[in-house]
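A.B. asks: We have chain A; now place chains B and C onto it with these hints.
Chains as they are written, first to last, in my numbering: chain A, 822 to 1087; chain B, 822 to 1087; chain C, 822 to 1087.
It should be emphasised that the hints constitute simulated quantities derived from the structure, not laboratory data.
Hints are not guaranteed to be accurate.
Identical copies look the same in the list; a pair holds intra-copy or inter-copy alike.
Unchecked claim - Below 30 angstroms or equal to it, Euclidean Cα-Cα: the simulated DSBU-like pairs (lysine-lysine) are:
| id | residue 1 | residue 2 |
| --- | --- | --- |
| 1 | Lys1058 | Lys906 |
| 2 | Lys1052 | Lys906 |
| 3 | Lys1013 | Lys1052 |
| 4 | Lys1058 | Lys839 |
| 5 | Lys1058 | Lys1013 |
| 6 | Lys906 | Lys839 |
In this text, all values refer to a predicted model and were calculated from it rather than measured experimentally.
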Amino acid sequence: MENLGQRAGESLAAIRQKQPLIHNITNFVVMNNTANALLACGASPVMAHAAEEVEQMVSFAGALVLNIGTLTPVWVDSMLLAATKARELGVPIVLDPVGSGATDLRTQASLRILAVGVSLVRGNASEVLSLGDAASQTKGVDSTHSVDEAAQAGMDLARSLGTPVAITGAVDLVTDGQRVLRVANGHPLMTKVTGTGCTASALIGAFLAVDPDPVVAAASALAFLGLAAEKAADISKGPGSLQMNLLDVLYVLTPEELARGARISA
Amino acid sequence: MENLGQRAGESLAAIRQKQPLIHNITNFVVMNNTANALLACGASPVMAHAAEEVEQMVSFAGALVLNIGTLTPVWVDSMLLAATKARELGVPIVLDPVGSGATDLRTQASLRILAVGVSLVRGNASEVLSLGDAASQTKGVDSTHSVDEAAQAGMDLARSLGTPVAITGAVDLVTDGQRVLRVANGHPLMTKVTGTGCTASALIGAFLAVDPDPVVAAASALAFLGLAAEKAADISKGPGSLQMNLLDVLYVLTPEELARGARISA
Amino acid sequence: MENLGQRAGESLAAIRQKQPLIHNITNFVVMNNTANALLACGASPVMAHAAEEVEQMVSFAGALVLNIGTLTPVWVDSMLLAATKARELGVPIVLDPVGSGATDLRTQASLRILAVGVSLVRGNASEVLSLGDAASQTKGVDSTHSVDEAAQAGMDLARSLGTPVAITGAVDLVTDGQRVLRVANGHPLMTKVTGTGCTASALIGAFLAVDPDPVVAAASALAFLGLAAEKAADISKGPGSLQMNLLDVLYVLTPEELARGARISA
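Next comes chain A alone, as it looks inside the complex:
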């Protein structure tokens, strides 16, 4: 097996060199942070959700990131339009099913987007599990299942959906139903900053724009974010300073540091 840390570092270098446009249709809470995290990473973010422009916008994009955090039906329609166009053009798609399982609207929206076909789904354990069992319920957007409980279900789900999944938590799990990668980077204080999961999904989009393997791209992005969070937490006094320092570290962290610091294992 190749050195996955090395590959993560090479992808980061490629993002900074190519500056791929990442088209986000995402929630209101995290738009500012998502855009800033993508900029810090080296990518070029755009937010566009109008049905009248999403197909045109996604045609310029290196990846499409769909996040249902503050959805309404009209936003879901735009996501479906954008996803359909992205599929047609071969643009990779990440789905972040924020709060799926908590309400029928969110679960059904996630399933409709999945039916179009996406490259990878990233969520916490409850969100991802809800896609396989629409009857399960999450408490808001927090996870009520452990990553361990979710591991087998994640593999089963990835196989049944034919879609790779990334389940993030204390240890992140990425699987396409065959391969499983675990990412041990990260810091507990991330859970006290809103939108770190959404940032993870957006960064997966950036890595997918330069690495066609969704399992490896997702693990690379999660290692990048997790390593940056470790370094940022070291100099933070709480969630406010972590949110700020994380952007600084995402910007200054080098491909070499990522190659050395990534803790990705099969």
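C.D. replies: Relative to chain A, chains B and C alone:
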């Protein structure tokens, strides 16, 4: 009269232990900060505004916070749906009538939500006064009445509406028309950071989720935010660093520090 | 020619004294930062986009700032309503055509707003050039033309539209087709923070509220933002801390410092 600082500290401890879900239908400007302030406090925030899901979401919630800062009629409809369901379930409701009095849309929206019945209204003096006299006008979202001018009007309004009100300013006033509590915590630099009033309303929601007395819960939340702002301002160079440091302090401030530092008086 | 740095400083003092209300109809990504930058500058921001209230809200305003960053047709309709009312009342208008040229929706929206008549357009070179030649395309919201390439085109465009334009980049250019001002303040790290261009447009609104000459007001605002960014970058470790420090410096920077530090040339 019991020690209100002590009770504020006990409520903070209860929030951190129970982590109540706080359902926010709020404005675009402050969503990120509101979510982060609730997380720092120990609560679990969710933002959801679609008519298709607000009733389901509020059924999981410890409190509902309605904020009309960037409203449109369709958002008001969702707020009314959510409020009606919350009333049916006994979920406490906070209304933040941002800019009420400035435009007819905002004043009328506030009055329609009030007619459903809420646990408490929090605003600046002009906003709160506009609810009693729809002819008064505010200059945007800033207060043009002093807290002193508003005190008697606040008591009258609370009685006529049958709804407790919190009027925030240099000294905060909370009254249900019978009791009056004043909170002397806070810092002038808060007025130079957007959304500190919205954060106050969200934190009142968190305290209402663990303390059924709206007057005491609001005073506790305002003392918590004000004390944190005092400590944050001590280490800030301007409004940018205050916004960040405030989240850090909300996270690290202990129940004991709150009990000691709260300046709540009858 | 008068000392333009001195005039910029006088305008900043006037903003802090008069605290003009700046009505923003802007994009979701930058609303928090825009509001905070206007507060730090000394102005009073309000965000309101409902068709039912924009005409009433703009009647209180010292300036109207229209930004099409995350537009939909219904938001464009509100912008047209607000702009029409602002014109009737003599309230100055700034248009920020974010991503114009990238999609037809954005280009057409910009052209429709321009047809109502605005005081000034601020964008990067690609965005501004797209208004003169709807066939040109931008890559998302990034500029693909240099300021030098855009200078002559900017003058031509300002003349043909009868509207002053501000083209921001490494050196900012402001022209009404007759006069040309260049602003050499700024820092490259600004390009790694989302919404610094949007902040520029909002600050131009604040300066227009106190200085009726759009070319001079825009140059003053750009010098103010650029000088603050220089000072903020000196104490920042990356884009996260720059975003925070910029708000601090906008707040503490004095009219005298602006008068001395502004690098505006004809």
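A.B. asks: So, for every hint listed, does it hold in this structure?
C.D. replies: Hints, one by one, checked against the model:
When the C-alpha separation of lysine 1058 and lysine 906 is checked against a cutoff of 30 angstroms, the pair qualifies neither within a copy, at 44 angstroms, nor between copies, at 39 angstroms. When the C-alpha separation of lysine 1052 and lysine 906 is checked against a cutoff of 30 angstroms, the pair qualifies neither within a copy, at 38 angstroms, nor between copies, at 44 angstroms. Within a single copy, lysine 1013 and lysine 1052 get their C-alpha atoms as close as 16 angstroms, and across copies as close as 20 angstroms, so both meet the 30 angstroms cut-off. In this assembly of identical chains, the alpha carbons of lysine 1058 and lysine 839 lie at most 30 angstroms apart only when taken from different copies (24 angstroms versus 35 angstroms within one copy).
With identical chains, the CA atoms of lysine 1058 and lysine 1013 are at most 30 angstroms apart both within one copy (12 angstroms) and between copies (23 angstroms). Only within a single protomer do lysine 906 and lysine 839 lie at most 30 angstroms apart by alpha-carbon distance; the minimum there is 22 angstroms, versus 44 angstroms between protomers.
Comparing the model with each earlier hint shows violations of hints 1 and 2; every other hint is respected.
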